[in-house]
Amino acid sequence: MEFPKDLKYTKNDEWVRVEGKQGTAGITDYAQDQLSDIVFVEVVVGVGDSVAQGAACATVESVKAASEVYLPVAGKILAVNEDLPNTPELVNKEPYGGAWMVRFEIANPKELDGLMDAGAYAAYCQERSH
Amino acid sequence: MAYIPHTERDRQAMLAAIGVSSLDELFQAVPAEVRFPDLDLPEALSEMEVMVELQALAEANVDTQHYACFLGAGAYNHFIPSVVDHILRRNEFYTAYTPYQPEISQGTLQAIFEYQSLICNLTGMDVSNASHYDGATALAEAATLALAHHREKRRTLLVSAAVHPEYRQVLRTYMQGMDVTIHGDESCCTGPDDLVRRLNDQTAMVAVQYPDFFGHIVDFAALAEATHAAGALLCVVVNPLALGMLKPPSAFQADVVVGEGQSLGIPLSFGGPYLGLFTTKNEYVRKMAGRLVGETVDSRGQRGYVLTLTPREQHIRRDKATSNICTNQGLMALASAVYLSVMGRQGLRKVAELCYHKAHYASQAIERLPRYKLWNKGPFFHEFVVACPKPPAEINEVLLEHEILGGYDLTGDYPELPNHMLLAVTEMNSKEEIDDLVSALEEASHD
Chain A
1 MEFPKDLKYT
11 KNDEWVRVEG
21 KQGTAGITDY
31 AQDQLSDIVF
41 VEVVVGVGDS
51 VAQGAACATV
61 ESVKAASEVY
71 LPVAGKILAV
81 NEDLPNTPEL
91 VNKEPYGGAW
101 MVRFEIANPK
111 ELDGLMDAGA
121 YAAYCQERSH
Chain B
1 MAYIPHTERD
11 RQAMLAAIGV
21 SSLDELFQAV
31 PAEVRFPDLD
41 LPEALSEMEV
51 MVELQALAEA
61 NVDTQHYACF
71 LGAGAYNHFI
81 PSVVDHILRR
91 NEFYTAYTPY
101 QPEISQGTLQ
111 AIFEYQSLIC
121 NLTGMDVSNA
131 SHYDGATALA
141 EAATLALAHH
151 REKRRTLLVS
161 AAVHPEYRQV
171 LRTYMQGMDV
181 TIHGDESCCT
191 GPDDLVRRLN
201 DQTAMVAVQY
211 PDFFGHIVDF
221 AALAEATHAA
231 GALLCVVVNP
241 LALGMLKPPS
251 AFQADVVVGE
261 GQSLGIPLSF
271 GGPYLGLFTT
281 KNEYVRKMAG
291 RLVGETVDSR
301 GQRGYVLTLT
311 PREQHIRRDK
321 ATSNICTNQG
331 LMALASAVYL
341 SVMGRQGLRK
351 VAELCYHKAH
361 YASQAIERLP
371 RYKLWNKGPF
381 FHEFVVACPK
391 PPAEINEVLL
401 EHEILGGYDL
411 TGDYPELPNH
421 MLLAVTEMNS
431 KEEIDDLVSA
441 LEEASHD
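Sequence lines, in order, name chains A and B.
Throughout the first sequence, residue numbering follows the working numbering, covering 1 to 130 in sequence.
Throughout the second sequence, residue numbering follows the working numbering, covering 1 to 447 in sequence.
Simulated from the structure, these hints should not be mistaken for lab results.
This structure is a prediction, so every number in the text was calculated from the model and none was measured.
Misleading hints may appear alongside valid ones.
[As the list claims (entries may be wrong)] In silico DSSO-like cross-links for lysine-lysine, where the CA-CA straight-line distance does not exceed 30 Å:
| hint | chain 1 | residue 1 | chain 2 | residue 2 |
| --- | --- | --- | --- | --- |
| 1 | A | Lys64 | B | Lys287 |
| 2 | B | Lys153 | A | Lys11 |
| 3 | A | Lys93 | A | Lys5 |
| 4 | B | Lys247 | B | Lys377 |
| 5 | A | Lys93 | A | Lys11 |
| 6 | B | Lys153 | A | Lys76 |
| 7 | B | Lys431 | A | Lys64 |
| 8 | B | Lys287 | A | Lys93 |
| 9 | B | Lys431 | B | Lys350 |
| 10 | A | Lys76 | B | Lys377 |
| 11 | B | Lys390 | A | Lys64 |
| 12 | A | Lys21 | B | Lys350 |
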């Protein structure tokens, strides 16, 4: 299981990559593994939307369950991944790469402080697998 | 197949497990006086006597076997080839439900698949579900699809007043408490242009009927274009039988096509069970409620049928589902599939044309009566509105004396149409019946 060091993580198993004032978010390797085969992804926010921290930005559906993906920190949506509805399996294959879900302008960088780093998140996943 | 699976041994085992010796002992908790109360019922009758009594009760009804029927308004008297009933009553098919362990019932799934294919063919749409209860609930499901498509951000439904009044009532019932505004149907006589003017960025869906409740055949191409320009979805309620001769709603880019399937091989039966048709475009399939049967191949490469995408609603999406309605009208869907395959493309067209021509023969003859006036302007299918010289209820009394079931009184649903009657003519009405109707109407117009 991968926990890239350059990302921040939430308790709901989302990741965020911070580049300057921009954030990119998706779901983690652990999340895709738990959900198993992803069959449908729907990004439920549009470009220009201001989305609060913890508000739903996408729905991911696997053969086992449907889950909401929440935005790790508040932001204004700059781009959504248009490829995902047609290639939902990307979430299983490249959770941290091709399966990014939204790109956004970070509204309040302080909110990033509340997220976990790779080490803490790996421990959090370890804890739940027992 | 017996539907009570318990054997005497099973019962004994269960009684033993809970520690009682008999069923009587199990029901001791129920007070003796209500356990087997005396019911105030007449003496038991023999089967022969019961048949006579029930026959007498049944004969008190007026029915379409003995009366000429010109009543429609959403439920139509059509000929049903006897093969429909023969297939329907085969015990392999004789259940109203989609099976709960579906893949074991390949025959049922194949029948639903054939039904879906036929309905797609008729409407020109990409995908049909396994059906809903009736036309009204299918319209309500179209609204939940549209609201889900807009992620609840658009909260207004624009509905034409020429959509069946009962469908609009059911739609309002479904939408209660959902903070949804339904408007557009305040006056009977506004057309598609009025709906276009009322479109805005809150409109989730526009619903119209084709042919409409008054029988009119309206081209909705311009409305469709304006609806899409406003970002809303267009739902068209159809009479599928009319599609035998009309261009399908897909031709004017409808997003959802729903309708009442009763006209396709299902008897009037005092109002039900009927059949809710629901079709849409591929892009909305994941927001569609109900069951969907797909064709696939099994591990040996043989053709087989499965429920496709449907575990989503109940098993996966649960509270996030667009709608948890999964019940379909399996038996009625089968009836319409058999009807459509027996009629064929040409047969259905012929029935639709017969309805059309007979309705126009009737309307022209009624138009010649001095005290009646045809209200419809523009083309209509097999139903039309007549302005009468007195209340339709009074006219229908006179018609009944002539063994004729008259039209639907529009006054209650459309106060702006007092003394207007909606008449339906189908292939079942002979020229003699129509001529009798015209002379009875003439007679009824005198004081």
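Hints versus structure:
1. A:Lys64 - B:Lys287: holds, 18 Å
2. B:Lys153 - A:Lys11: Status holds; Cα separation ~28 Å.
3. A:Lys93 - A:Lys5: holds, 19 Å
4. B:Lys247 - B:Lys377: holds, 20 Å
5. A:Lys93 - A:Lys11: holds, 22 Å
6. B:Lys153 - A:Lys76: holds, 17 Å
7. B:Lys431 - A:Lys64: violated, 61 Å
8. B:Lys287 - A:Lys93: Since the Cα atoms of lysine 287 (chain B) and lysine 93 (chain A) sit roughly 26 Å apart, the hinted pair holds (cutoff 30 Å).
9. B:Lys431 - B:Lys350: holds, 17 Å
10. A:Lys76 - B:Lys377: violated, 53 Å
11. B:Lys390 - A:Lys64: violated, 64 Å
12. A:Lys21 - B:Lys350: At roughly 68 Å apart (the allowed maximum being 30 Å), lysine 350 (chain B) and lysine 21 (chain A) break the hint.
Hint check: violations occur at hints 7, 10, 11 and 12; the rest are consistent with the structure.
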